[in-house]
Structure formats: structure tokens, C-alpha cells
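Protein chains: 2
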Amino acid sequence: MPDLDKEFIASRYRAIQDHICIKIAEADGECANFEIDEWDRPEGGGGVSRILQNGRILEKAGVNFSAVSGSLTEPMRESLKIDGDQFFATGVSIVMHPHNPYVPIIHMNIRYFEIDDGTYWFGGGIDLTPHYVHLDQARYFHTELKTVCDAHGADYYARFKPQADTYFYIPHRAETRGVGGIFYDHLSGTNESEKEALFGFSCDLGLLFPKVYAKLMNDNFDKPYSNREKEWQLIRRGRYAEFNLVYDRGTRFGLHSNGRTESILMSLPPQANWVYNVEPESDSPEGQTLQWLRQTNDWLNLQ
Amino acid sequence: MPDLDKEFIASRYRAIQDHICIKIAEADGECANFEIDEWDRPEGGGGVSRILQNGRILEKAGVNFSAVSGSLTEPMRESLKIDGDQFFATGVSIVMHPHNPYVPIIHMNIRYFEIDDGTYWFGGGIDLTPHYVHLDQARYFHTELKTVCDAHGADYYARFKPQADTYFYIPHRAETRGVGGIFYDHLSGTNESEKEALFGFSCDLGLLFPKVYAKLMNDNFDKPYSNREKEWQLIRRGRYAEFNLVYDRGTRFGLHSNGRTESILMSLPPQANWVYNVEPESDSPEGQTLQWLRQTNDWLNLQ
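Line by line, the protein sequences are chains X and G.
Count along the first sequence starting at 1, add 73, and that's the number in the working numbering.
Count along the second sequence starting at 1, add 73, and that's the number in the working numbering.
All clues given are correct.
Quick look at which bits of chain G chain X covers, simulated, 3 or more residues with Cβ under 8 Å:
(1) 306 to 315
(2) 333 to 339
(3) 343 to 352
Beta-carbon label-pair distances, calculated as ranges:
(4) G/E151 / X/A231: 36 to 44 Å
(5) X/E151 / G/G226: 36 to 44 Å
(6) X/N127 / G/E269: 55 to 63 Å
(7) G/E304 / X/A88: 31 to 39 Å
(8) X/G117 / G/P244: 18 to 26 Å
Hints in this document: simulated from the structure, not taken from any laboratory.
Where a beta carbon is used, it is the ideal one built from N, C-alpha and C, also for glycine.
Let's have the full structure, built from the sequences with the hints guiding it.
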């Protein structure tokens with residue numbers, strides 16, 4: 074293995090972005106194409122945003138790569154509780170919004186952060202937001218995540234699953250955003266082989282993504298639905314926009330630090346609706362979904 | 074005039090809410106009805122939310138009244154830089170989203186805040202968000218606002234118009250939300266007649282609202298439009314949602330302080346769209362609107 078320096082990590086993440094776009098475009102259909110939009114950051118570095126709009130299965134999907142560097146500002150030092158002059162950050166961020174309400178929304182992020190004093194850490198997460206929660210689907214998703222976690226750390230799933238429940242939560246709705254997943258941050262090691270292991274974990278997550286989501290697309294894209302399911306999807310997408318704009322740390326940090334707005338807000342749904350005071354019957358499919366979202370679930374051990 | 078105590082102010086604001094609903098329902102059409110949703114706040118007080126959905130001209134309109142009281146929390150003391158134990162707050166908040174892209178979105182808020190140590194202040198604002206900016210319309214709107222301002226303070230318009238330009242600004246888009254209006258806060262007096270004058274200003278703004286907006290509805294609701302204008306409207310509504318969820322102080326304070334979510338988020342559009350990297354031709358109507366929004370305009374003195 075070559076030196077695990079920041080250039081290598083960034084180039085591997087860039088390759089993972091390409092891999093994901095190829096696999097997801099394949100799953101979407103023959104004509105699918107993730108358009109390429111390269112951008113520079115005036116303060117240092119840049120990125121490649123790749124967007125698919127109006128695909129066969131996906132209505133709007135963004136796969137964003139960035140590798141940026143620059144001077145640490147005082148607010149960054151304070152909020153991250155670090156010293157040092159220069160930072161480097163690279164990562165891949167994904168959000169996909171399907172046409173069919175029975176295909177879930179998905180999000181993934183893997184990232185690496187490094188300071189010129191030698192400090193570094195990995196962070197990331199993946200979570201699934203079905204418009205209609207189905208136990209089997211949530212269990213499948215969490216089983217796949219646990220398999221990747223287990224291969225890298227016996228306690229990873231047990232640590233990172235609850236962190237996703239905490240993170241992907243919408244306090245003003247008293248709901249989770251979806252069925253959760255895993256979330257981790259500030260993972261760093263004390264020697265090179267620990268760093269390689271953490272990097273390997275983030276890459277394996279990146280490679281798991283298209284496998285899991287292609288299956289969820291294939292399994293659900295041709296399920297019949299009516300206006301009722303479409304309307305519910307649009308309302309759930311409104312919640313997704315609320316979470317990202319009000320709480321998501323990456324989104325808010327990006328918007329408040331003069332990040333590239335179009336790449337940051339790529340995560341927003343192609344269309345979202347807000348209807349006053351919607352409260353579905355508790356025994357309807359929509360009401361049952363809300364029940365799942367209003368509690369924390371141990372998906373792997375539910376009957 | 075009876076004592077200008079908090080109960081009187083609240084009852085007058087409540088009456089202004091009713092007046093606005095009657096006048097706007099009249100302008101919308103025979104079948105328009107603002108439904109009444111009363112709610113209590115567990116910590117003290119409550120409110121009345123009035124909602125019109127799927128009217129003839131208005132797609133979604135909310136007129137919210139609230140009068141709440143309770144103990145000041147430490148974060149409130151710090152953020153407001155005040156002492157005291159108990160607070161009382163009452164106000165009327167309005168956002169209206171029309172069907173026709175040529176009818177502008179409008180927002181208004183008038184509010185009164187009081188601490189048990191005798192401190193009080195008035196705040197409020199009104200701003201217009203046309204999907205397509207037209208100079209004549211913006212000039213009419215600002216002329217009406219200036220007339221009310223002038224009746225109460227020779228310097229009001231000159232002070233409050235720039236405050237609206239600053240407040241209703243979307244930094245991550247480098248755009249104003251619309252053509253602005255007026256914004257004021259922390260207005261208080263040193264004697265009863267000054268308090269009456271400030272209260273009178275807020276009431277006059279409340280009474281101006283239906284006059285101005287009924288005219289804007291009537292003038293524009295039957296203008297023909299195509300998919301192109303509708304799509305642009307939905308994108309501009311996305312910006313509106315971004316402003317409210319990312320920056321608006323009232324929205325964020327409400328969401329973070331366990332306010333009544335459905336009443337707070339009444340302001341969100343019935344439908345909003347996000348399309349990647351939309352950049353209209355600069356000489357198109359959409360591009361010209363963006364040019365207006367990307368600069369500060371002295372609407373009353375433009376040719």
C-alpha cells in the first residue's frame with residue numbers, strides 16, 4: 074500500500090465517487106447519466122459534483138466529491154477544539170431522491186479531515202429514509218451495515234447505530250428522519266496501521282452504498298402507487314428539507330462558511346410539499362410509518 | 074383609550090387577525106374560509122392559527138395570532154440582554170402563497186414583548202416576495218409603507234426600510250428574498266403616550282396589510298402563465314423555505330424553544346422545488362428578477 078497521505082485518500086474517495094455513479098446509473102437504466110460539474114474553491118481546492126436529474130428511477134441524485142484546504146479560522150478552531158494553521162478536508166456526500174414513493178431516500182457521507190500539526194480524523198454516516206417504513210427493508214439495510222461494521226471493529230455497529238439515531242432526529246417534529254443507519258466522527262488512530270484500518274472502513278462503506286441502494290431501487294421502483302402515496306412522499310420530503318436546513322451540521326457549516334451552495338443544497342428534494350397539520354389515521358400505512366419514526370428501533374432484533 | 078396593558082394589546086391584535094382574515098377571504102372569493110385552529114401552550118398562554126388552503130387565488134395562507142407567557146430562561150435573558158422573571162409576548166404573523174406566479178408572496182408580523190420588570194418593546198415587519206419583480210409593484214408597495222411610516226415618525230421609513238433589506242437577505246444565495254419592505258425591533262417609549270404611538274403604528278401596519286395585498290391579488294390573479302412561470306415560482310418558493318429555515322429568527326427561535334411547530338411552519342410554501350444550478354438568461358424575465366434581487370434598490374426613487 075502506498076503512503077496513506079491526504080492525496081492518496083482524496084484520490085481513492087474520488088474513485089469511489091466514480092464507482093458509485095457508474096453502479097447507480099446502471100441500476101437506474103440505460104440512459105442514466107451523472108453529469109459532471111467541476112468547481113474550484115477560491116480559498117483552496119475544489120470538487121466535482123455529479124448530478125442525475127429525471128432518471129428512470131431516480132428523480133434527483135447527487136454524488137459530490139470535494140478536497141479543500143485552507144487556513145483554519147478562529148471559529149473553526151473553537152468549534153473543533155483544535156490548534157494548527159492549515160486544514161485539509163476531503164469526502165464524498167450523497168443524497169438520492171427517487172420517483173416512486175416505495176423507493177427510500179438515501180444519504181451517505183464519508184470524509185477525512187487533517188490539520189498541519191499531524192492531527193487527523195475520519196467521519197461519516199449513512200441513513201435510509203423510507204417514505205413508508207417496512208420492517209424487512211430496515212432490517213436488510215441494518216444487516217448490511219452491521220456486516221461492514223463487524224469486519225472493522227467488533228463494537229462499531231453498537232457504537233455507531235445509536236449515534237445515527239441521535240443525529241438523524243428532527244426535534245421539532247419529535248420524529249427520526251427515517252430508519253437511521255450509522256454515524257461516526259472523530260475516529261483517529263495512534264499509528265499507520267490504525268489509520269489504514271479506519272480508511273479501509275470508510276472505503277468499504279462507500280463500496281457498500283451502490284450494492285445496497287441498487288437493490289432497494291430494483292426491488293421497489295415498479296411498485297404501483299396512487300396520488301395518496303405521492304402526496305405522502307412530498308410531505309416526507311418536506312421533513313427531509315427541514316432536517317437538512319435546520320439541523321444538519323454539514324449543510325449549516327457549508328452555508329455559513331461560504332461553501333459552494335449548489336453542491337451543498339444538492340441534498341434538497343426536487344419537490345417538497347407542506348400541508349398544514351397533517352395527521353394520518355394511526356392504523357393507516359402513513360400512520361404506521363409515523364409510529365416507527367416516533368420511537369427508537371432495534372431493527373435487527375425486532376420480530 | 075383604555076389602559077394600554079398587555080391584555081388590551083393582545084385583544085386588539087386578535088381583532089386585527091380577524092379583520093385581516095375577513096378582508097383577505099373576501100378578496101379570495103365567495104367560498105374562501107380561514108379555518109380556525111386554537112391551541113394552548115403548556116407553559117402558558119396559547120394562540121389561534123387561521124389557515125386557508127386551496128383558495129381561488131391563494132394556495133396557502135396562514136394568519137397566526139398568539140399570546141404566550143412564562144418564565145424567562147437563561148438563554149432568553151442572554152440573547153435578549155434583559156433581566157426579569159416573567160415574559161409576555163403577543164403578535165400576529167402572516168405568510169401568503171398564491172397560485173398565480175404573478176401574485177407575490179407576502180409576509181407580515183407585528184409583535185409586542187413585555188417583561189415583569191416593566192420593560193417592553195414592539196417589533197415587526199412586512200416584506201413582499203414577487204416571483205417576478207416589477208418596478209411599479211415594488212414602488213406601490215413601498216409608497217404605501219412609507220405613508221404609514223410617515224404618519225407615525227418622520228424618520229421611520231428611512232430607518233426601517235434598510236433594516237428590511239438587511240434582514241430579508243439570503244447570504245448563501247447572495248440575493249434578497251424579495252423587494253423588501255420595513256423591519257423594526259426593540260421600539261419602546263418613555264411614557265404612556267409614546268407607548269400608545271408605537272402601538273398605533275403596529276396596528277396601522279396590521280390594517281394596511283389587507284388593503285395592499287387585496288389589491289395585489291386582484292391586479293394579478295388572472296394573468297395568464299405557462300409551465301415556465303410555474304416552475305420559476307416553485308424554485309423561488311424553495312428560496313423562501315431556505316430563508317425561513319436557515320435564517321429567520323422567529324422560525325428558528327420557535328423551533329428551538331419547543332414552540333408550536335405547525336403554526337411556526339405555516340409560513341412554508343405548499344410546494345417548493347429544487348433544481349440543480351438554475352441560472353436563467355440575464356435578459357429573460359427570470360434573469361431580470363435576479364438582477365433586482367442581487368442589489369439593494371431605492372424603490373421610491375428609481376426611474
